[in-house]
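Work the whole structure out from these sequences, hints included.
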Amino acid sequence: MGHQVRIEVNGTVYDREVDPRTLLVHFLREELALTGTNVGCETSLCGSCTVLVDGKAVKSCTQLAVQADGASITTIEGLAKGGELHPLQGAFREEHGLQCGFCTPGMILTAVDLLDSNPSPSAEEIREGLKGNVCRCTGYHNIVKAVQRAAEEDPS
Amino acid sequence: MVPANFEYFRAASVEEAVALLHRHSDAKLLAGGHSLLPIMKLRLAEPAALIDISKIHILRGITHHGDGIRVGALTTHGTIASSEVLQRECGLLSEAAARIGDPQVRNKGTLGGNIAHADPASDLPAVLLALGAKVQLAGPGGNRTVAAGDFFTDLLETEVREDEVLTAVDLPVLGDSDGTSYLKFEHPASGYAICGAAAVVKMDSGTCREARLAFNGVTATPHEAAAVGSALAGSDLSDQAIASAIDAHLKIEEPLGDIQASGEYRVELAKVYGRRALQQARDRAR
Amino acid sequence: MSGVIGTSVKRREDATLIVGEGKYSDDFTLPGMTHAVIVRSPYGHAHINSIDISEASKHPGVVAVFTGKDVAASDIGGVVPTGWLLPDIKTPDHPILAIDTVRYAGDGVAVVVAEDRFAARDAAEKVEVDYEPLDAVTDVLAAVAEGAPQLFEEAPGNISFDWDLGDADATAAAFDRATHTAEVDLRNNRLIPHAIEPRSCLASFDTTTGELTARLTTQNPHLHRLLMSLASINLPEHKMRIIAPEVGGGFGSKIHHYPDEAIACFCAMQTGRPVKWTATRSETNLTDAHGRDHASHAEIALDENGKILGLRVETHAAMGAYLSTFAPAVPTYLYGTLLSGQYDIPAIHVRTLGVFTNTAPVDAYRGAGRPEATFVVERLIDLAADATGLSPVEIRRRNFVPADQFPYQTAVALAYDSGNYDSAMDRALELSGYDELRAEQARRREAGDSKLIGIGISSFIEACGLAPSQVVGALGAQAGLYESGKVRVHPTGSVTVYTGSSAHGQGHETTFAQVVADRLSIDVDQVEVVHGDTGEIPFGMGTYGSRSAAVGGSAISTALDKVVAKARKIAAHLLEASEDDVVFEGNAFHVRGVPSKTQAWGDVVLQAYLAHNLPEGIEPGLEETSFYNPENFTYPFGTHVCVVEIDSETGAVELQRYIAVDDVGNVINPMIVEGQVHGGLAQGIGQALWENAVYSDDGQLLSGTMLDYAVPRAHNLPFFETDRTVTPCPHNPLGVKGVGEAGSIASPATVTNAVVDALAPYGVKHLDMPLTPEKIWRAIHRNGG
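Protein chains in written order, with the numbering used here: chain A, 1 to 156; chain B, 1 to 286; chain C, 1 to 785.
Derived by calculation from the structure, the hints in this document are not laboratory data.
All residues carry an ideal CB built from backbone N, CA and C; glycine is no exception.
Keep in mind that a hint or two might mislead.
Stated by the list, open to error - Simulated pairs of lysine-lysine, PhoX-like, Cα-Cα distance not exceeding 20 Å: (1) K566/C / K597/C; (2) K56/A / K55/B; (3) K56/A / K81/A; (4) K451/C / K775/C; (5) K271/B / K251/B; (6) K271/B / K775/C; (7) K10/C / K145/A; (8) K597/C / K271/B; (9) K765/C / K775/C; (10) K569/C / K597/C; (11) K28/B / K55/B; (12) K134/B / K202/B.
Unchecked claim - Where chain B lies over chain A, by a calculated footprint (3+ residues, C-beta under 8 Å): (13) 3-15; (14) 39-51; (15) 58-65; (16) 128-139.
Have a look at this one:
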């Protein structure tokens, strides 16, 4: 049985009918073909599926699409504006903050929320802020450096 | 990753939610979803109906009224952690909320959902006990209030009846001579508490008027060490007084154990964390 | 550009990944695509009495349901083979769907194919399997005990193989004349690889051409094609195309050929519809090949000066319920051969028993055998330091293979190519401020501080750059371990490289482009690297065992030799000079001693394609392929130091510092090399402190989700302090040794040595990983060490 939802994603409003069982992450990946948001676990512990819902980082595997009715969502595909990378995207590249790249969208979006609420975090605050995101490749060293770099570059 | 099928209802008011609960026997309330959806995805829970209360805005928010603070059930852990009012008037709840899960979980998970799920390893239950908080419930017959100490009845079980909605938690305002602390020994995988110790002490010119100590993670329901509190009332809360009160009076029966930490070890952690939490609470009170 | 090797060129891979445009297997959708869910055994060991699929088949949206009997009734082979054989090894069949017996929780028994994920999952619940539970055994030592439940009739005592290496008599004699000995019983904990992308396969079958295409999470697409063709689905290789799109980490777990991917292919062939199967995290925990799981008894013998005389090890290595792809090689040739460590040890003997258990299969996981060997050797050497009264530094120095003794033949078959172990140790001690750390430790111990400090050292060796094909063939490998590289120079001078290496985070598109750019003196941006598609690249062996730079890079380098040689012939012809007088330098060919006579690279390339004026006997075009077969393994090494602080009241460990000095030979891209070290360290530290796959005695995986299996997170780790020494590999053209596994090989021993060091005042000699707070608390307060 479908439920009607209106969800804004990356600036575009979508009216869709969804099965209530549809998780937000599956709605994004399959209904909207935004496959940058990944699924790495099923217990809200890996952070790969993190998106911004009304500006706040949340795990899109732990939200039903029907619950996002009326929300405004930013996925990794919508982070760069007008062809210009977000400072965090650039910083991840400059600092080699990614290897296989699977955790990267979630990691970057979590960091966006982190820097929104704390524009100049210490390394320790960055590590605490990213504790909900698992990276199996980098040992986090360069991820933390990337967030530090973005914070320095964009003192907003 | 795919929950079993369910009917979905969105409630616009508490009354509607109560009515829906009344009508559907195997229904669960859905707020932030952070306790319920993970177990539904693993098919450890298969409710026939979900009643989404997340749009009942009246259940969201923190209000300061006279000698108390009311926190709506839908208030997120993130909001609680960063609330200036709570940090000033009842900082223990903010401190514990800031230790829940991770930022994304705190952005979505709610106070009501957390305590209604009654996970023994969750961070808030012991804090509510130590604070002497009261839980507000709404049901078909009207509203009622349950003391936090009576709220948690067993592993994953609470005083909330099948047709009741948890609407808010009432907290006391703490004064300058009160000190609190929440210390957590974290599970390395889940981030839940293997042992969480919440302490509240009320001091009066160097003498402890009242002390409360409670634990998460150690037993099936949050454990208040009432005897430790009684022993400390009237003491100077010196390190020695705290240590001997814990040695003599901290008795924990039937501790939980798993592959990460045995029951015996959790009890030992409770002694150490209980002592440290009381010491920190005392230092903050002065 | 020449000189681009050795520089930290930013990764070209990142451009798509940071904007979410990288496409992983599960990101692809095909018209008419169906979803598969595999029904798995909830029991560790059970007989299947019957399977009733009638209700599931009737479920709305279900396209097909298959069981093991359906697979067996088809003519596809339907088994997963073992790729490495040992003398007298028992290799029971591993059907892609169990037929009459399940042998671990997670063993597949049926598959449901449906129009959408909901229908597939719901119908899977309706497959009724009547199991008769059997006694299970999950512990590797319990499995070889008298009266243990037996997994296979053909493997009595649950023994798959009983293998040994080295001279048992000489080793016994060494122990007879020893002044000091030390011994330890240790466990190397079972790990779940936990690549962050779960395994996935999207298979489609063209019923008119008979061609199968599968996008799958693989570190070696040709190997998957070969094994599927030979044993699982019996299609000829030319009718199969295996594509590795972006792959979200592997760490070994995506080398192996699993039943699940073959099942997806089988379903696509049977239904004629594209079939997608993607594991949930619970499924990956249950079914990804696990790592490690050894129980060892290890002994060391020393003379009166602390010089090692001999080393003896007996290891029981869990194989799990079936032999996975390279499983038999891991605790034998990738383990026993490394037991000389960095040390000159005249006599070594190792015996390894491969043991079946009712658990997920065990196979290569980052380091594969070498972390286990390093753990044995570096624990023993610390115990030997204790026995002889020498410091951990001094005992290592006394026994290092001296820098002037290379190549060095060990007592366990390997010939180390090059090394300078003292210099790496010197640098690690300097970087860590080792003497000051020891002084701080002494101060704290003196003061009775409840915060204990521990300092650990691990000097490790690894054999990587797998591997000389004749050698591994003689040892049982059912494949060669060379690598392919094809260099296609386009008429305008830009280059496309096709490599058999199959990157999944390692940055080959960048580093291999650097190799080409450096050699041809062209811009890195003029080079494209293609990998991971059997439809495009020559037969290749893939990425694992720290082999890509050493073997895959060397293949590209030797292909470049051929390209330059041909281009020089053309240039000499154009320059009307003798080929011997023509040199290639700075993107042009020059006649030696005649500065005015040059031919630009681009002109020569263009001429190769115009073919208007080629020398006699030279074919048009400029494209060369090389299959590089290494002469030897490579032997990276290093010394790591770490500092831990332990809360003696709770046993909690804080890793305060980690210093890693590695020697991986020449370095193509330092940024990428450091990143590889960081990642390996995190995984090894994870093994030491947190990670543990635990089964109940009756076969339930207790660490089945991320709620119970702890992988390292950002807040658990410090910044790493890394440095390198450089001792080039003497036998490959790039002088590189490989770096992918170094961190995970050294760090479990470094951290364990540090924790044991911290607990020395309590009389603790050894603790098994993971070093959980409770274990440490017991060692301190309950004499549990």
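Quiz item: Against the structure shown, which of the earlier numbered hints fail to hold, in ascending order?
Solution: 8, 13
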